[in-house]
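Heads up: the protein sequence lines correspond to chains P and E, in order.
When we follow the working numbering, the leftmost residue of the first sequence carries the number 1, and every step to the right adds one.
When we follow the working numbering, the leftmost residue of the second sequence carries the number 582, and every step to the right adds one.
Hints listed in this document are in silico derivations from the structure and should not be mistaken for laboratory results.
Model, not experiment: these values are computed from the prediction.
You may find that some hints are simply not true.
Unchecked claim - Covered, in the sense of this in silico footprint (three residues per stretch, anywhere, with C-beta under 8 Å from a C-beta of chain P), are these stretches of chain E:
| # | region |
| --- | --- |
| 1 | 613-621 |
| 2 | 759-771 |
Said to hold, decoys possible - Cross-link-like lysine-lysine pairs, in silico, DSSO-like; alpha carbons within 27 Å at most:
| # | chain 1 | residue 1 | chain 2 | residue 2 |
| --- | --- | --- | --- | --- |
| 3 | P | K2 | P | K580 |
| 4 | E | K678 | P | K126 |
| 5 | E | K593 | P | K12 |
| 6 | E | K1010 | E | K711 |
| 7 | P | K446 | E | K711 |
| 8 | P | K34 | E | K1027 |
| 9 | P | K130 | E | K593 |
| 10 | E | K1010 | P | K34 |
| 11 | E | K1161 | P | K499 |
| 12 | P | K351 | P | K254 |
| 13 | E | K1010 | E | K1025 |
| 14 | P | K444 | P | K429 |
| 15 | P | K12 | E | K615 |
| 16 | E | K1010 | E | K707 |
| 17 | E | K711 | E | K1025 |
| 18 | P | K130 | E | K583 |
| 19 | E | K898 | E | K669 |
Glycine is no exception: its CB is placed at the ideal position from the N, C-alpha and C atoms.
Protein chains: 2
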Amino acid sequence: MKASQFFVSTFKEAPSDAEVVSHRLMMRAGMIKKLGAGIYTYMPMGLRVIRKVEQIVREEMNRAGAVELTMPVVQPAELWQETGRFDKMGPELLRIKDRHERDFVVQPTSEEVVTDIARQELRSYKQLPKNFYQIQTKFRDERRPRFGLMRGREFIMKDAYSFDRDRDSAQASYQVMAAAYRRIFDRFGLTYRAVAADSGAIGGDLSEEFQVIAATGEDAIVYCPNSDYAANMEKAEALAPAGPRPAAVSPLSKTPTPGKATCADVAELLGVPLSTTVKSLVLATDEINERDEIVNSTVWLLLLRGDHDMNEVKVGKLPGLDMGFRFATLAEIEDHFGCKPGYLGPLNLKKPVQVVADREVAVMADWICGANEADFHMTGVNWGRDLPEPDLVADIRNVVAGDASPDGKGVLAIERGIEVGHVFYLGTKYSQAMNATFLDTDGKPKPFEMGCYGIGVTRLPAAAIEQNHDERGIIWPDAIAPFSVVICPIGMDRSDAVKQAAEQLHDELVAAGVDVLLDDRGERPGAMFADWELIGVPHRVTIGDKGLKDGVVEYQHRRDTEATKVALAEIAALIQGRLKA
Amino acid sequence: MKASQFFVSTFKEAPSDAEVVSHRLMMRAGMIKKLGAGIYTYMPMGLRVIRKVEQIVREEMNRAGAVELTMPVVQPAELWQETGRFDKMGPELLRIKDRHERDFVVQPTSEEVVTDIARQELRSYKQLPKNFYQIQTKFRDERRPRFGLMRGREFIMKDAYSFDRDRDSAQASYQVMAAAYRRIFDRFGLTYRAVAADSGAIGGDLSEEFQVIAATGEDAIVYCPNSDYAANMEKAEALAPAGPRPAAVSPLSKTPTPGKATCADVAELLGVPLSTTVKSLVLATDEINERDEIVNSTVWLLLLRGDHDMNEVKVGKLPGLDMGFRFATLAEIEDHFGCKPGYLGPLNLKKPVQVVADREVAVMADWICGANEADFHMTGVNWGRDLPEPDLVADIRNVVAGDASPDGKGVLAIERGIEVGHVFYLGTKYSQAMNATFLDTDGKPKPFEMGCYGIGVTRLPAAAIEQNHDERGIIWPDAIAPFSVVICPIGMDRSDAVKQAAEQLHDELVAAGVDVLLDDRGERPGAMFADWELIGVPHRVTIGDKGLKDGVVEYQHRRDTEATKVALAEIAALIQGRLKA
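Start from the sequences, fold in the hints, and give me the full structure.
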């Protein structure tokens, strides 16, 4: 293609609301154009990237036996009422009314519609397994859309849904998808990790996120450099410490800590490591009657090492806390502890509370905690001697770098990632709610075992940029670059030789199936190079009169610091070789 | 592809709300699935057709120099308020509010958004001409959605918008698009006509509809079999009759016509041709002051031959009627004619009215019209002798078959069509409303000259079926068939020879780039043939043990009445030859 027949539009500056590098670079490179908050036009340059992402996804989904269809963007509310999501979902579900005042939603996903299709179409076990997917516009009315395509309101997602006759078959379908996702992300040419994710109420380990590694990522990814263990922070288990609890050495003592209401302040005041302190978090659970009235509340004290953070997902799975919990009110805290937050602890309680100790805290000796008296902490605290053993010992914290890997193969490391894909075993959650059944071998109706599988098609280019850029602009992997190759002729309007060589190379590459752009805009070399470095085309060939006299052109990969002279006769083969590699 | 890895779902019956053949066949062939009124899932079989339509459109749009982008489905109301369409458009524009109660629309087209892009991006005449297009989901909240994809609410449209610096250039851009449309519709393999259409207030002839010819089409298409004249009914001109008005022969006479309130009844009663009668249509126009109050109304009497119909578009262009008109009220009619409708005419008026005679009526002699007295008509009416010449003579009727062609090359014929494309010169309507300007050669800002160009991507398959079907099902043209070829093996599960031959042919055709499906579902031959005849795959190869013994298979085109024996060794070449033809 020639630039004059395309649309190249670059900007020196990004708008002030572009906070992250991918948003800034996509705006500057003319890939997207803002229409409203979280709503973007995919400009010609950006659309080419999106189409390449779509095509790779489509090829691998088809190869994995999934079948493409397209479900409507605007969906009647009835189906969403069958699963309860029409009422349960928050305002991020865009609800609309048509001219007849009937309720509709603009789809954020399509579980309801695809389950409705399945219950009509898949009537026998003979038709299973089946996997339907679509690559379709979605809408999610984010409270605070930002970061360009990273957290937009309108976006394109590939969503697939598998239907199986039993759990074993569903797990096999899940594994087929997980393998397809690996092929897809391999083809994108990005550094990524498939990490175990929490599968919520369904349980089991059948939930993985595909995270593109980037320092700017929103998510913390936990992995073991010595093994293939990887999980997101919600999921990664902190093992119980290996050794037994040390013997108590120090005496219990009430120590003045005036104005030191955090573990860090106390540790500094006392000149001890933060890891010898224990922090107290007070939660509450409510017992509700049929009329939705609170009939009884229980207060929980969670004890974590001063240098550790609570993991809400893990806490939410503990017996007694798994039906929902909240932070305790100030009144509840004063009622049970006789003290304001900052100096709380498990000793000298006014009223009994449920004490949950993190696995790490449970094996500590001679630790420090609040005295339940303002401006005082207890030091030399020991389980058994100074207070009863905790009611429950559990993993309730986020792992930290250096923790033992759950697979026993070394210690954990942490890096940042951007979630661009998710494979998830759904079980019968939707099929039961919608009475979606098939006739099994025994002739009896049975609900489908389902899985769902998403890829953020428009988010992926943003993640790719977060991972691959420098101070000059984007650096696309070959597979999803808007153009694989750009030919930059110097003085094409003045030199027939340059024009002829440029057009000949262009035609030769096109004939070889290479996605090449000839920049015939007539820009000065500096401006031309700056544009293509900003846009991030991976391979560049510069053709000038001077080189042509010696029969050479200049080749430069976007990551190269300088250009290499290559014989004009060899450049096409060189590029094709590089693209295949 | 193998059927077992795809999704084939056919139905014996169509739902009762499927009124037209394309709707019935698309439902029965499992191409679409209804989700709500006018909202359909494109099922795997139907999506393949849609994707082929999209691909042909995309290739030809790119070839014509248009550049693809994708504008949002959900668009902020602000831009729609700039052109006034947010308020002016009826309830077919789906208006929605986001979580912050801000107004949005679900796009039915994108003139506003693309004009907004142009005014930001196209700053100089050097960047013109430019044509942006998208293939994108649209929504139009039809009052009465019906006919499946023919008149749905959610649909896919290709919409293109050209931007030019002056009218000449805009006309050239228009012609480029009109030529691209001809290539596109040629490639679809459908019988179609490009017909001149009315271009509304903008004037000129720069509006053409692309109509797929089908007996069931909603639109009447006027054409001259001896020339390339073609227009839609709104646009087609009825020429003034060639000869002069004949001399008056009959005397004026008031004739009793009790209970005969229509021209047809009167002609029958009197035993004269319908074409000797004249019908009276009474319209009114209002003069409005600045406070939107009616300060004066004018009553118009339109006279048409009894066998002709009024053309509202033509009437709406007459001087005095071109700012909007309405049918007169009963009170206005009685006030001016002293009579109820059914016996109205231009003689014996109580108050003066503006008389507009159709060109045909203006040259009639000895005609018949209402007497402005219930149960009486006037016969032997003659212009000049019995009443003054009309205030205005104009073309205000629909043409009929046999009328002279406006190009003087014969007589007109009329057939039915389905509009699937439209090219339209917009002028500066949107650019002026939105102050979308570029800097012209003289350095001064100037509004863009625009054109818009649509193709109904999801409507096209329905139109193709209306044109190409028989009692057994759909007959797809090769270019947009879901599969070009289906291989039907007989007893594949019992015969290794059949299985091997079928798979080998499948693989050979796939390698040659042929879109082939191998039906490995194990259905009985009758059911298998019925499915593929319903679905409408154009080329079918049947492979059975009996034929294989003689080294032959059976080939049958969907339009053939019976199969032809072809040597197994030659079938692949035969199919490739047919597909190229």
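Given the hinted pair K130/P and K593/E, is their Cα-Cα distance within 27 Å?
holds (23 Å)
Below or equal to 27 Å on CA atoms is what counts here, so check K34/P against K1027/E.
Between K34/P and K1027/E the Cα gap is close to 25 Å, so the pair holds against 27 Å.
Straight-line Cα separation of K678/E and K126/P no greater than 27 Å?
violated (45 Å)
Taking only the CA atoms, is the gap from K711/E to K1025/E under or equal to 27 Å?
This hinted pair holds, its Cα atoms lying about 19 Å apart.
Hinted pair, alpha-carbon criterion (27 Å max): K2/P, K580/P. Please report holds or violated.
At roughly 23 Å apart (the allowed maximum being 27 Å), K580/P and K2/P satisfy the hint.
Within a Cα-Cα threshold of 27 Å, do K351/P and K254/P meet the stated pairing?
holds (20 Å)
Is the straight-line distance between the alpha-carbon of K898/E and that of K669/E 27 Å or less?
Holds, at about 21 Å.
Would the pair K1010/E and K34/P pass a check requiring their Cα atoms to be no farther apart than 27 Å?
holds (24 Å)
Does K429/P sit within 27 Å of K444/P, going by the straight-line distance between their CA atoms?
holds (19 Å)
Given the hint that K1161/E pairs with K499/P, test it: the Cα-Cα distance must not exceed 27 Å.
With Cα atoms ~36 Å apart, K1161/E and K499/P exceed 27 Å; violated.
Below or equal to 27 Å on CA atoms is what counts here, so check K1010/E against K707/E.
holds (22 Å)
Within 27 Å, alpha carbon to alpha carbon, are K130/P and K583/E?
Between K130/P and K583/E the Cα gap is close to 14 Å, so the pair holds against 27 Å.
In summary, the structure is inconsistent with hints 2, 4, 5, 7, 11 and 15 from the numbered list given earlier, while agreeing with the others.
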